[in-house]
Every structure is written in structure tokens, then in C-alpha cells.
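Asker: Those sequence lines, one after another, are chains W and V.
The numbers in the working numbering rise by one with no breaks, and the one at position 200 of the first sequence is 200.
The numbers in the working numbering rise by one with no breaks, and the one at position 295 of the second sequence is 295.
Mixed in with the good hints, there may be bad ones.
Which copy is meant is left open, so a pair is good if it fits within one copy or across any two.
Stated by the list, open to error - Lysine-lysine pairs mimicking DSSO-like chemistry, simulated, CA-CA at most 27 Å apart: (1) K409 to K268; (2) K145 to K40; (3) K140 to K181; (4) K7 to K50; (5) K7 to K217; (6) K347 to K408; (7) K158 to K145; (8) K268 to K347; (9) K158 to K181; (10) K301 to K440; (11) K145 to K181; (12) K440 to K40; (13) K341 to K268; (14) K408 to K217; (15) K40 to K50; (16) K408 to K341; (17) K50 to K216; (18) K341 to K7; (19) K181 to K139; (20) K341 to K50; (21) K50 to K103; (22) K140 to K158; (23) K217 to K158; (24) K158 to K216.
By construction, these hints were calculated from the structure, which means they are not laboratory data.
Number of protein chains: 2
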Amino acid sequence: MQETIMKLIEENRYKEVRNEIAEMNIVDIAQLIMELDRTKLLILFRILPKEIAADVFSYVSLELQQYIIESITDKEISNIVNDLFIDDAVDFLEEMPSNVVKKVLRNTDEDTRKLINQFLNYPDYSAGSVMTIEFVDLKKEMIVKEALNHIRATGVDKETINTCYVIDKGRKLEGVLSIRKLILAEEDVIIGDIMNEDVIYANTLDDQETVADLFKKYDLTALPVVDNEHRLVGIVTIDDIIDIIDQENTEDLHKMAAMEPLEEEYLKTSPFILAKHRIVWLLVLMISATFTGIIIQKYEKLLQSMVILTSFIPMIMDTGGNAGSQASTLIIRGMALGEIKTSDMLKVFLKEFQVSILAGSVLAVVNFFRLVIFEHVNYLMALVVCFSLLCTVVLAKLVGGVLPMVAKKVHLDPAIMAGPLITTLVDVLALSIYFEIASKFLNL
Amino acid sequence: MQETIMKLIEENRYKEVRNEIAEMNIVDIAQLIMELDRTKLLILFRILPKEIAADVFSYVSLELQQYIIESITDKEISNIVNDLFIDDAVDFLEEMPSNVVKKVLRNTDEDTRKLINQFLNYPDYSAGSVMTIEFVDLKKEMIVKEALNHIRATGVDKETINTCYVIDKGRKLEGVLSIRKLILAEEDVIIGDIMNEDVIYANTLDDQETVADLFKKYDLTALPVVDNEHRLVGIVTIDDIIDIIDQENTEDLHKMAAMEPLEEEYLKTSPFILAKHRIVWLLVLMISATFTGIIIQKYEKLLQSMVILTSFIPMIMDTGGNAGSQASTLIIRGMALGEIKTSDMLKVFLKEFQVSILAGSVLAVVNFFRLVIFEHVNYLMALVVCFSLLCTVVLAKLVGGVLPMVAKKVHLDPAIMAGPLITTLVDVLALSIYFEIASKFLNL
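With the rest of the complex left out, here is chain W (with noise of 0.2 Å):
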């Protein structure tokens, strides 16, 4: 259907074009105009149904979102924008440029216009940020048929009518209620009887981490906002949710890669934004890393004598760091879902004491065999430099496993403390161990 599509529109046949999309989804329908070309894109976004017109904007890339707005005139700006969930209107308008805004604001009715200021004051990442106000909301004095009646009469401009919202004369929140057990109820229940007065709600500064755990925990889909007098000024729906999932995923990704997370996606960012992203990072990582240039000339007469103990400098770092990097992504994870609590921080070091010596000593007896057996190196060489990876193994995980917790115990984000900063860590620990070892043992 889409190859039709596209032929229609190389060859003009608009007509056609749009009795094809009156079968479409939507979203196929946003993605099918984000491969256009510019001028066709135009000509197909207009030439939309009014009722979909909105929806599909609200789906198209930040990109195409302002060359469309800067492009169409100030009457099709209007028939959008009024048209737009709350939401999607403040997801877009967040992201442009003050002279997108002021036109778009320019032609958004007086009320729209009021209620778009307000959310974009919302705190970045917050509750209130992300939710809309196209909710249902019912009084608790009605009976199920007055509910049912009010919901046809208003439903159609809503973002969902499946959870219902029962608040006071003050928009006060007093309880929620599905649309199945309204359907369940009789006409003539009453709806303040069979409401759900112990409500899971959210106040608008709630940070978005918080909002998708309660989304989790409790098998949500929608979610109420209020404010701090109780009032309720908005819902938050699950598909909202999946994309701040999605987010606070990568987000912390990026983190443990050493990364300041990035805002847009990879192929849409220059490189010289990426390049500052890792630069910071590299900088404080290659600064730190000079420490282990130091030891190493601490022990520069027992390297000049031994070079062979340099060999094998590479293969103990290389060890340490996985090592380090295994068990902190563990930990790292599990905190991040809610698993290992910080309160679990001796149980997590003595697990941690307990993979490192097994997996340790798998590794240090492996080693020793291949290094007398295939490597040739003498007994007490090979000794050494496996008891050394033992250690080093041991160090690493603990390190690893125990650092992210402090970090949150401290309040400070435990997934910076992921590969390269452990690495780092350990690669001096590591190598300080090794070279005491070898100058004790090898008798310099």
C-alpha cells in the first residue's frame, strides 16, 4: 500500500492519495509523510482530513513538526493547535525556537494559549511536564446513567475515558473509577458508592522517574495529577510512560558509558555536540589515568630488570576493568529497578567477595597452566602474576559492586559509577598490588 501511495504522489494524483490514507493509521500515515520529499510533504499534510490533521502532526519528527508550522498559514496553524492534545502541544513547543512559539501562540485561542504557558513552566522531566487535561471528570453526586450520558456528550475530545475522574466543586480529587466498572454498575448506582476513594495520584513536580515506578508497581494506565492543594489539574497515560521508560533507559546507558547523556538521536546530532558530550568525561577519566603512569615508574628498576613482568601488565587491567565493569552494571541495574537497596550494601559486598574468589580462581589456575605450559614462563613468574590477577579480580568486583551504592547513599547518581571510573580505580589498585607482589617475591 505504501509503494501505491508513493506512485500516487510522484504522479500528482492527490485525489486518489487521499482516499488511500482514509484507511491508514495514523502513526503509518506520520511516518509515510517523514519520507517525502519537502514540497510533497506540504501538499500531502494539507491535503489530511481535518479530523486527523492534528494527530498526525503530533506524530512527525521535532524537525518536520517546525518546517511545517513555518510554512502553513496562520489560519491552518490555528485549526492544529487548537486541536492538539495539551500534551502534544507542549512536547512540540518545548523543543522550538522563541519565533516558532510566538506564532504558534499567536494563533492558539485565549484559553489554549493560558494553559500552554502554564505547562511549559513545568520543571523539565516533571509530572507536570508530561501530563495533559483531556481527562473525564465526574461528580460523585451523579448516578451511572447521568455519567454515562455526560461522557457521550464529551468523550470525543478526551485522551482516554477509560479511568474517570471524580473531584469536588473545588476540583478537589476525590476518587477514580474505571469506564468498566461504570459499565458494570447499574443506571441508577450512585457514583460517590462505587468510586475508588484511595487513589495513586502524583503532584506535578514529581520528578518522571517517580511517575513511571507508580505506572509499574501498580499496573497502571493512567495516572492523576495534582497540585499541592489537591486539586486535579491533569492525567499522565501509559503510552507518555513508554517513552520516558525508554528515556531514563538510555539516559543511564549513556551515563555508565561515561557519557553525558544525550538529548536528541545519535544520527540527528552534530559531531561537535557529541564530542563535547565525551570530552569532559575523557579529560577528568585520562587525568585520573595518570596515576598509573607514576607507579609504574615508582617501579621502574623492577620493570627494566623483568620486562617480562610488562607483558602482562595489559591482560591484569584488561581483567580488573570487566571485572569491575561486570559487577557494577549489576548492582547498577538492580538499583535502578528497584531490586538491591542501599540497605543491601554488606549483602551485595560479601556476594560480590564470594563470585570474585570463585570466578578469581577459575581464572588464576587457567592462567597459570597456560602461561608454564604454553608460554613457558617459570613457576614462581607464573605464580605471581596469577595471584595477582586473583587479587585484582577480587578488588575489581568489590569495587564494582560497592561504589554505585555509596554513590546513591551520598545522593549522587550511582550509574556514573559504572565502566570507565571503576576501570580506572582498579587499574591502580591493580597494578599497585601486582608490582608489590613481584618485587617482594621476586627478590629485587
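With chain W held as given, fit chain V onto it using these hints.
Answerer: Chain V alone, transformed into the frame defined by chain W:
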């Protein structure tokens, strides 16, 4: 409230506990149960109102589910299992030892038992293994009024009524209809006229990751699953998808740290299993790390005469490792989110080249000054080291950016081309370059 209940439980005042619990959210009750010791837990579980016992059961940990089943009577098992949604029953039984599974199935009615067995046969991580059967099915010949009555009659046992599925006599999936559309329609409208025939669906054998991507792309809250003859056999709901998204992210994260992904939570896994999952990779990496040892031995004379060269080895290796990790993390994540495709390989190569020249140059220059001014290294040596640094960064980012894409092209999981593997490869190349440059320019 939690402390009140704990206190009442301590004092064995279970009648009052029952009253308190009547107000509590099912998820919170499950959490409370998980914090009690074994005897009290069983008593509390047994006094739960029948309507919520199965739901609470589905929320406690697998460990506790097993303990409860092993401790209660056959009749009690029967009540729970026949009440559970099929997907929750399957989730639980999938992980149980066979004696528990036999005990449960012995006490399940015949139809349910057949279904459970059928579902247990679906491959792990497939749509079939996470779907459930309690969905609303309608006929297209129905009118809205009939449909709503049908829902009222059967809706209480459904996992969700928010999306209804239209099937024909042979159970073939014909259309989908949201409860919103149903409620907003006139009573005498025919279902077939308002249903959406362009249904987004999955096949029972589709991978759960593919299913999750459909949810993300189309902002779904439920997805129908069909068999090879397009008959509707179940639905997947968004709450399960959220768990799957977290699972897949954790799996990728573990693979990137070169570990076999864990199946259980970290704290619940024995040290022996934790060691086993890490060992294989540590061994593989160690063997490849010995290549670095060979390289160093090749340049033995060089190092013996200029031990200072050795002191820069860790710095060069760490930088290469970090730079490579950063690149591979960005690319792996971008591919997982669908933002980067294998056809983008040239773009990625060019971008990483530009970023690495920028980042590498800054690093090289900063370190040149650091070495010459603070560590009194002679100019030529500093130049050799810093130039090697630049080459290392460029190489690391190119390798780190491109290898995951190559992996995907040959149908391997790109996540394995992360940290440790990239690091080792980069180390070997970086050291070779470093020593080559050093021996050429320092006239040896």
C-alpha cells in the same frame, strides 16, 4: 497504615486486619505479605477475601507463590488457579518445579488445564507465552446495544474491556473496536460499520521484543494475537509489555558488560550461578588479552631501554577502552531504539571519524602540555605519546561505532560488541600503533 496492620498481625488480631485490608490496593497487600515471616504470611493469605486472593497471589514473588502452593489445601489451590488470568497462571507455572506444576494442574478444572498446557508449550519470550485469553469478543452483526449488554454480562472476568475484538464464526479476527467508540455510538449502529478493520496484531510465535515495538510504535494498550489461520487466540496487555521492556533493557545491559544475562534478580541468585555467568566471558577475554602480551614482548628491547614508555601504557589503553565503549554504547542503544539502521553504517563511520578527530585532538593537546610542563617529559617523547593517543581515540571510536553494526548485519546480537570485546580489540591495535610510532621516531 502499614504499621497499624503489622501491629495487628503481631497481636494476632486478624479480624481487624481483614477490615484494614479491605481498603488496601491489591499490589500493596502483596507487598505486605512479602514482608511477613512464613507462618503469619499464610494466615494473612488465607483470610483474604475470595475475590482478591488470586489477584494478590499473582503479585507476590515466585518464591512465595511456590511456598503458598506447597502449603495450602487442594481445594484452596483450585480456587486460586481457576480464578487467575491465564497469563498470570502461565507466568507462575513456567517457573515452578514439576511437582508443584502437577499439584496445581491436578486441582484445575479440565478446560483451564488444557489451556494452560497449550500456553506452556509456546516458546519462551514469544507472544503466545505472554498473552491471555480473557478478552471481549463481539460479532460484527451485533448492534451497539447488544454489544454493551454482552459486555455487561461477561465483562467482570475479562482482563480488559477497553478494546473489544470482532471475530467471525470461525474465530477469525475481523476488526477491533475501542470501548470509547462503542459508548459514543448510537444504540442501533451495527458493530461492523464502526469497527476498525485495519487491525494491528501479532502472531503467537512472534518474539516478545517485536510485540513490544508494536506497542511503542502505535501507542497501544492491548494487542490481539492470532494463530496461523488468523484466528484470535489471545491478547497481550500493556502491563506485561512494560515488564518486557525492562527485561529486554536489562538483558542488553548485561550483554554489554560481557555477561550471560541473569534470569532472576541479583540478590536472589547464588554466588555460584553469578560466577558461572561471568566466567565464560572473562576467560574468552583473557585469552584474547594475551595478544597484548605478545605485542609487548615483541618490543622488549625498546621497552627495556626506555622504561618511561611503559608508564604511558595504562593511559593509552584506558583512553582507547573508554572511547570505544562510548561509541559502541551510543550505537547499540540507537539500534535498539530503531533510530539507527544497518544501512546507516557509512554515516556512522563518518560521524565517528569526525567526533574522534575533534575529541582526540583536544585530548592530545591537553596531554602534551601536561606531560611537558608538569612531568618534564622531553618534547619528542611527549609528541610520540600524544600522537599515539590521537590515533588510539580515532581507531577506538571507529571500531566501537562500526562493529556493533557489523554484528547486526551478520545476525548476531549487537549488544555483545560492547565494552570488554571492543576494549580488548582496541588495546591490541592501540599498543601496536604506539610501539610502532615510538620505535620509528625515537630512532631505535
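Asker: For which of the previously enumerated hints does the structure constitute a violation, in increasing order of number?
Answerer: 2, 12 and 20
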